[in-house]
Amino acid sequence: MKFTLEQLAVRCEGEIVGSHSISLDGVANLDIADSDKISLYSDKKYAADLRNTRAGAVITTPSLAEDYSGNKLVVANPLLALARILTAYGAENLGRKATAEISDHAVIAFGVKLGKDITIGANAVIGTNAVLGDQVCIGPGAVIGENACIGAFSRIDANVTIYDGCQLGRRCHVSAGTVIGSDGFGFAEIVDGDQSEWVAIPQVAGVIIGDDVSIGSNTSIDRGSLEDTVIADDVIIDNLVQIAHNVSIGRHTAIAGCAGIAGSARIGENCKIGGRASILGHIDICDGVTVYADSYVTKSITSPGIYSAALPAMPIKQWHKLVARIRRG
Amino acid sequence: MKFTLEQLAVRCEGEIVGSHSISLDGVANLDIADSDKISLYSDKKYAADLRNTRAGAVITTPSLAEDYSGNKLVVANPLLALARILTAYGAENLGRKATAEISDHAVIAFGVKLGKDITIGANAVIGTNAVLGDQVCIGPGAVIGENACIGAFSRIDANVTIYDGCQLGRRCHVSAGTVIGSDGFGFAEIVDGDQSEWVAIPQVAGVIIGDDVSIGSNTSIDRGSLEDTVIADDVIIDNLVQIAHNVSIGRHTAIAGCAGIAGSARIGENCKIGGRASILGHIDICDGVTVYADSYVTKSITSPGIYSAALPAMPIKQWHKLVARIRRG
Amino acid sequence: MKFTLEQLAVRCEGEIVGSHSISLDGVANLDIADSDKISLYSDKKYAADLRNTRAGAVITTPSLAEDYSGNKLVVANPLLALARILTAYGAENLGRKATAEISDHAVIAFGVKLGKDITIGANAVIGTNAVLGDQVCIGPGAVIGENACIGAFSRIDANVTIYDGCQLGRRCHVSAGTVIGSDGFGFAEIVDGDQSEWVAIPQVAGVIIGDDVSIGSNTSIDRGSLEDTVIADDVIIDNLVQIAHNVSIGRHTAIAGCAGIAGSARIGENCKIGGRASILGHIDICDGVTVYADSYVTKSITSPGIYSAALPAMPIKQWHKLVARIRRG
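Residue numbers (the working numbering), protein chains in the order written: chain D, 6 to 334; chain F, 6 to 334; chain L, 6 to 334.
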């Protein structure tokens, strides 16, 4: 795929200095780029690479533009421009090659439906009747359950586990070690005289994930008990996040690292849940709510806005005095 | 295995409407059940499936019972009834088939002892002299260490790691991505003039897990340093939980998602540890203690009851005022 | 490798009772040790093993020394002594054998550079052009990305994922399920009329980890966006810790379980970050800071010392009263 610098400038609202018509077929770092590639120069520390680069054009900022006399695309936010240009060139990302090859060491069960140009890494396991859309990329050691369905252009990284029947939309990204579709924490407590016993409630529903969802590493998303766990389009979730069973998360909501959403909570659209925030189960958070990091939401929220309850750390003596005063009343 | 509806009714204290003697050999969803299966109808949204079902009998509630004219088992808690009936039919769970097959792509070391009807998924690795009891089910990509021992009917899901020498009892369930037996966080700080250095203390003890223990996904349970880490029978642990070295957890205790138990803490029987609760190391929690979510226990607890210290989030202006007031005293 | 008891005593500042010249070639538990091994006796519960041991010498404490009449090395801290003696005997650890064998079931791509005496477990996957130093030990199911570099004597346990291009120093240890080099949580929010959209900012930098770094299980360390994520020498990190992109952590700092360090935070040398502590992004913590468990640091810290803000849990009635009083003011 080729674009002129003019065409790329339109996508990222940049200003061209130099040739508008130069044809470029991809992105590469300054030190390895050929004349048909565009590169990024957004930090002085790459000045030496810049001096020696053979790139056809360079994305840069107004303040750095004078360091370079070749073709350049000057933008306010060079990373955003890079992101949009990479998107223009397709699913490929720097350093993450979708080779469109299926490793001889992958194990693919009967009945699997594979789209075009699929990449599957060594020792990945694809279960019976799973469906992988076009250009899906499955990392080494990932396990895709029976009847699971991964939409086109999605990338599932190494050692991810997706349980049976879970569905992901198009252009999703799931980082390494994440688990989707494990059983929810649902147990009935059976009291029998003096002794009680936990009986697992079967978790018979699934996980439905929309398009353009990004999920970090070592995150856990449980399957529903009777109702599916649902993650809408364009949701972004960081590392080590807990999403319990039956949770529903609305479009374009962002959830930062180590956050925890308890069972059957419903989070609206366009919310921002801070790092390590906790949301109690069975409550509703309306659209447009921001919960600050380290805060604990215990009741439904019905008005958009910012919510918090995190005490900032202070020197230990000051803290001990404050605790004593609080306790005294 | 076959049961009459009468036999199933006894197990879940239900009331039969229709044939007591119909013979049933398993559980299936309404839409795919044949006449020798029992199905669940616990929500109006499955009414269309109910109308077309060929199931031999249906588990339902008093309020939904009139929707169906066939054989039915009417119970107060249909999920609990389903759980008990599934248990009656053995280790098999909806959608999780124990095929009793060992994949050609599993790697099984010398000296491994296998019980009857074992299932081992593709690319699982079973270490030298490990012991797997009858009907154990090991998921794809799971790694079972040397001399580890997994009791009968236990299910270890995909990409789980169980280190050398760890022991699990019967009927345990470990969800994907969980690690059992990693080294505890034990280091001696060696001061040498101006510079200090960490030296790892060998973690030479193991992890002993009882019967009927359920562990969620991406949870970490460390091995002991000199004394084993011990999880008693019927303990249930959710996702992303940290259990440090030398911890001991008593029978029938439940630990919710993202909780953390620091090294050498001892938790009694019948406790309930809420989501994201933290328990400091080297303290004792007696039997029958409930710690609410997001609370931090810093001292031993010697009386049963409920303990908490989690401030609920509030609108940011209100919170800022409150913090200012607390600080002023 | 053989040492006299005299030579071992020098390494761990112990006092010898018995033969100074006995030659010992390794460490073993009391019950299986031969006369050329040294064993540990640090707890009365192993008294029976002690009585029957054939070990050439025993490490013990002043208070336990009288239980044994054979050769002994009397030390204040027997575990530390054991650690130093194990280190003297090389990378080998009790029960974790570095067999210096590469499994036939490992998948090793073209261009991989292997040092001497490498151990690679079954179903591990080593990417193109990765470099493994001498005596590196890769566990079963671990995935090492393209161009990743693992220094000599490092041990990477089962089901770990190390992404492309990440670098680890010498003598590092990474426990199972940990992910190093996943994409940072970097997204630009593109507003287009009523609807917003997240666009992933390419995370094009890497992770650089020094020598003697220990990382627990199920921890996530993200790669940098433009600047590397950097972990200096002798840092120790526990389980389920989140290290976001561009973070830098100074020499000899310790980070306990479930802690979270947000993006671009800089933590100095010799710090101690408690369990579940949170460090906000884009702040600096100077050298020598201790943050207590469960505390949340929101501003840069410029003076060494102890910082805290964690309220200890209390009986629920007392807590409710306290919350009411705080709210009233």
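Incorrect hints may have been included.
Note that identical chains are pooled: a pair holds if it fits in a single copy or bridges any two copies.
Stated by the list, open to error - Straight line, CA to CA, 30 Å or less: simulated BS3-like cross-link-like pairs of lysine-lysine:
(1) Lys-304 - Lys-277
(2) Lys-322 - Lys-7
(3) Lys-7 - Lys-42
(4) Lys-322 - Lys-118
(5) Lys-277 - Lys-322
(6) Lys-304 - Lys-7
(7) Lys-49 - Lys-304
No lab work stands behind these hints, which were simulated from the structure alone.
Evaluated hints:
In this assembly of identical chains, Lys-304 and Lys-277 lie within 30 Å of each other by CA distance both inside one copy and across copies; the values are 17 Å within and 21 Å between. Within a single copy, Lys-322 and Lys-7 get their C-alpha atoms no closer than 63 Å, and across copies no closer than 52 Å, so neither meets the 30 Å cut-off. Within a single copy, Lys-7 and Lys-42 get their C-alpha atoms as close as 10 Å, which meets the 30 Å cut-off; across copies the closest is 59 Å, which misses it. Within a single copy, Lys-322 and Lys-118 get their C-alpha atoms no closer than 63 Å, and across copies no closer than 54 Å, so neither meets the 30 Å cut-off.
Taking the closest pair of Cα atoms, Lys-277 and Lys-322 come within 30 Å of each other only across two copies (18 Å); inside a single copy the shortest separation is 34 Å, beyond that limit. When the C-alpha separation of Lys-304 and Lys-7 is checked against a cutoff of 30 Å, the pair qualifies neither within a copy, at 53 Å, nor between copies, at 47 Å. For the homomeric pair Lys-49 and Lys-304, the shortest alpha-carbon distance between copies (28 Å) is at most 30 Å, but the shortest distance inside one copy (49 Å) is not.
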